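A.B. asks: Residue numbers (our numbering): 21 to 401.
If you're looking for bench data, these hints aren't it; they were derived computationally from the structure.
In this text, all values refer to a predicted model and were calculated from it rather than measured experimentally.
Hints are not guaranteed to be accurate.
Unchecked claim - Using 35 Å as the maximum straight-line C-alpha spacing, the simulated DSBU-like pairs for lysine-lysine come out as follows:
1. Lys105 - Lys297
2. Lys49 - Lys175
3. Lys275 - Lys129
4. Lys48 - Lys127
5. Lys168 - Lys400
To be verified - Derived DEER-like restraints, expressed as beta-carbon distance ranges:
6. Glu133 - Phe262: 51 to 57 Å
7. Asp150 - Lys219: 47 to 53 Å
8. Lys275 - Asn78: 23 to 29 Å
9. Val135 - Ser27: 22 to 28 Å
10. Asp150 - Thr53: 53 to 59 Å
11. Gly314 - Gly139: 27 to 33 Å
12. Asp150 - Lys222: 46 to 52 Å
13. Asp28 - Ala305: 42 to 48 Å
14. Gly239 - Lys127: 53 to 59 Å
15. Gly239 - Thr53: 25 to 31 Å
16. Lys219 - Gly77: 49 to 55 Å
17. Asp204 - Val135: 49 to 55 Å
Positions of the beta carbon are idealized from the N, C-alpha and C atoms, including for glycine.
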Amino acid sequence: MAAAHFSDEELISQLANANTQFALDLYKKVANTADNIFLSPISISAALAMTRLGARGNTESEMDQVMKWTKFGDKVHDAFEDYLKVLNAAEVSYTLTMANRIFVYNKLKLLDEFVTKTGKHYKADAVVADFVGKPLEEKKRINEWVEKQTNGKIKDVISDIDPLTRLILINAIYFKGTWKQQFDPRDTVKGTFKMLSGKTTKVDMMILMKSFLMERNDGLKCQVLELPYLQEDISMFILLPFEADGLTFLEEKLKSDTLNNALRLKRRGLIDITLPKFVLESDFALQNVLPSLGMVDAFDVKTADFSGMTGSADLYISQVIHKTFLEVNEEGSEAAAATAVILQMRSMPITQPFVADHPFLFVIRDNRADMILFIGKLGKP
Numbered sequence: 021m022a023a024a025h026f027s028d029e030e031l032i033s034q035l036a037n038a039n040t041q042f043a044l045d046l047y048k049k050v051a052n053t054a055d056n057i058f059l060s061p062i063s064i065s066a067a068l069a070m071t072r073l074g075a076r077g078n079t080e081s082e083m084d085q086v087m088k089w090t091k092f093g094d095k096v097h098d099a100f101e102d103y104l105k106v107l108n109a110a111e112v113s114y115t116l117t118m119a120n121r122i123f124v125y126n127k128l129k130l131l132d133e134f135v136t137k138t139g140k141h142y143k144a145d146a147v148v149a150d151f152v153g154k155p156l157e158e159k160k161r162i163n164e165w166v167e168k169q170t171n172g173k174i175k176d177v178i179s180d181i182d183p184l185t186r187l188i189l190i191n192a193i194y195f196k197g198t199w200k201q202q203f204d205p206r207d208t209v210k211g212t213f214k215m216l217s218g219k220t221t222k223v224d225m226m227i228l229m230k231s232f233l234m235e236r237n238d239g240l241k242c243q244v245l246e247l248p249y250l251q252e253d254i255s256m257f258i259l260l261p262f263e264a265d266g267l268t269f270l271e272e273k274l275k276s277d278t279l280n281n282a283l284r285l286k287r288r289g290l291i292d293i294t295l296p297k298f299v300l301e302s303d304f305a306l307q308n309v310l311p312s313l314g315m316v317d318a319f320d321v322k323t324a325d326f327s328g329m330t331g332s333a334d335l336y337i338s339q340v341i342h343k344t345f346l347e348v349n350e351e352g353s354e355a356a357a358a359t360a361v362i363l364q365m366r367s368m369p370i371t372q373p374f375v376a377d378h379p380f381l382f383v384i385r386d387n388r389a390d391m392i393l394f395i396g397k398l399g400k401p
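Using the sequences and the hints given, assemble the complete structure.
C.D. replies: The following block contains the structure:
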């Protein structure tokens with residue numbers, strides 16, 4: 021694993037813990053809305069943290085409560101600056117692109133301090149937009165920017181712009197990684213996947229028998245498997261319920277401490293993996309979800325206080341749009357050609373099966389900081 025050069029390890033650890041708690045809160049709020057869910061809590065957190073630079077009073081307090089930043093104060097911005105610097109460092113083995121930007125109504129003058137700090141901490145811009153005079157042009161401009169930032173994978177984030185819009189917070193994330201141990205496409209076979217509805221569907225199942233970290237978790241009633249990407253900075257963890265209908269139990273039991281413990285795998289063995297190929301695309305209008313978690317004032321035209329952006333409390337968040345894309349195939353997540361590192365075992369221990377032929381939960385984590393980049397479930401390939 022490549023060394024991470026964080027300037028404050030303790031602060032990064034606090035940020036990772038806050039991010040995990042927020043990830044699970046958010047996941048549980050949307051878990052029942054679709055068969056497949058795919059979220060990036062770190063992308064949403066970074067974008068909201070950028071907005072928090074301009075929040076004051078109760079608006080700021082509610083954001084801190086929901087995002088689990090109450091212990092941080094303004095140090096949350098130093099933590100994000102430190103983490104994003106490492107996250108966005110050039111890597112040859114994977115691509116991770118985070119797109120965060122605030123579009124602000126052009127009749128509002130932003131304070132210099134706010135513009136300076138968003139640039140310093142988040143390498144991001146607050147962009148002026150004419151939502152009233154040119155809504156179609158602004159929609160096109162926002163969508164093209166996000167599409168460019170995400171290598172063309174995330175399109176049409178914005179569907180329309182209301183003329184009353186004063187602030188749009190956009191975040192999108194794109195990840196492309198190659199498995200450390202790749203699946204051979206010649207081994208992929210048609211298999212049966214038992215869906216949440218109880219019905220079955222035929223899917224392409226990837227097959228691989230290699231040495232991996234895997235453990236049973238009796239508390240969560242699931243198997244936990246780690247599939248590292250090249251360099252092992254980032255891994256996908258799959259939490260596969262023992263029972264075909266066990267996902268609901270797993271989701272209910274999942275808390276930040278039980279998840280963190282579940283991902284601390286120590287037992288390595290020869291694992292016979294059967295895993296479906298899948299593509300996930302999700303998008304969420306989080307202005308409906310975040311208030312239900314307690315972030316109310318930020319979205320209320322009467323009570324929102326973003327005076328740190330403009331000098332007066334005349335701004336509120338009208339939309340938070342989050343859109344994600346993931347492809348899992350034999351080479352990795354999103355196709356990428358690379359040489360696999362093959363680990364050979366000195367002896368042949370008993371093979372342990374890991375057959376993902378029913379709904380499961382998965383996490384993609386930055387192992388350098390124990391930071392959850394993505395969380396999702398596959399209920400219907």
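A.B. asks: All the hints need checking, so say for each whether the structure fits it.
C.D. replies: Cross-check of the supplied hints:
1. Proximity of Lys105 to Lys297 is assessed by CA-CA distance (about 32 Å); at most 35 Å being required, the pair is judged to hold.
2. Restraint check: the Cα-Cα separation between Lys49 and Lys175 comes to about 25 Å, which is no more than 35 Å; the hinted pair holds.
3. Distance hint between Lys275 and Lys129 is unfulfilled; the C-alpha atoms sit about 42 Å from each other, more than 35 Å.
4. Restraint check for Lys48 and Lys127: the C-alpha separation of about 38 Å exceeds 35 Å, so the hint is violated.
5. As the CA atoms of Lys168 and Lys400 are separated by approximately 29 Å, the hinted pair is consistent with the 35 Å bound.
6. Checked against the hint of 51 to 57 Å, the pair Glu133 and Phe262 passes, with Cβ atoms roughly 54 Å apart.
7. Between Asp150 and Lys219 the C-beta distance comes to about 49 Å, which sits within the given range of 47 to 53 Å.
8. A beta carbon spacing of about 27 Å between Lys275 and Asn78 agrees with the range 23 to 29 Å that was offered as a hint.
9. Range check, Val135 to Ser27: Cβ separation about 24 Å, and the 22 to 28 Å hint holds.
10. At about 33 Å, the beta-carbon gap between Asp150 and Thr53 misses the expected band of 53 to 59 Å.
11. Hint check: Gly314 to Gly139, Cβ distance near 29 Å, so the stated range 27 to 33 Å holds.
12. Against the hinted window of 46 to 52 Å, the Cβ-Cβ separation of Asp150 and Lys222 comes to about 50 Å, which satisfies the hint.
13. Taking the beta carbon of each, Asp28 and Ala305 are about 35 Å apart, not inside 42 to 48 Å as hinted.
14. Distance hint check for Gly239 and Lys127: the Cβ-Cβ separation is about 55 Å, which falls inside the suggested range of 53 to 59 Å.
15. Hint check: Gly239 to Thr53, Cβ distance near 26 Å, so the stated range 25 to 31 Å holds.
16. Here the CB-CB span from Lys219 to Gly77 is close to 51 Å, well matched to the stated 49 to 55 Å.
17. Roughly 51 Å separates the CB atoms of Asp204 and Val135, a value that falls within the hinted 49 to 55 Å.
Hint compliance for this structure: hints 3, 4, 10, 13 are not met, and every other hint is.
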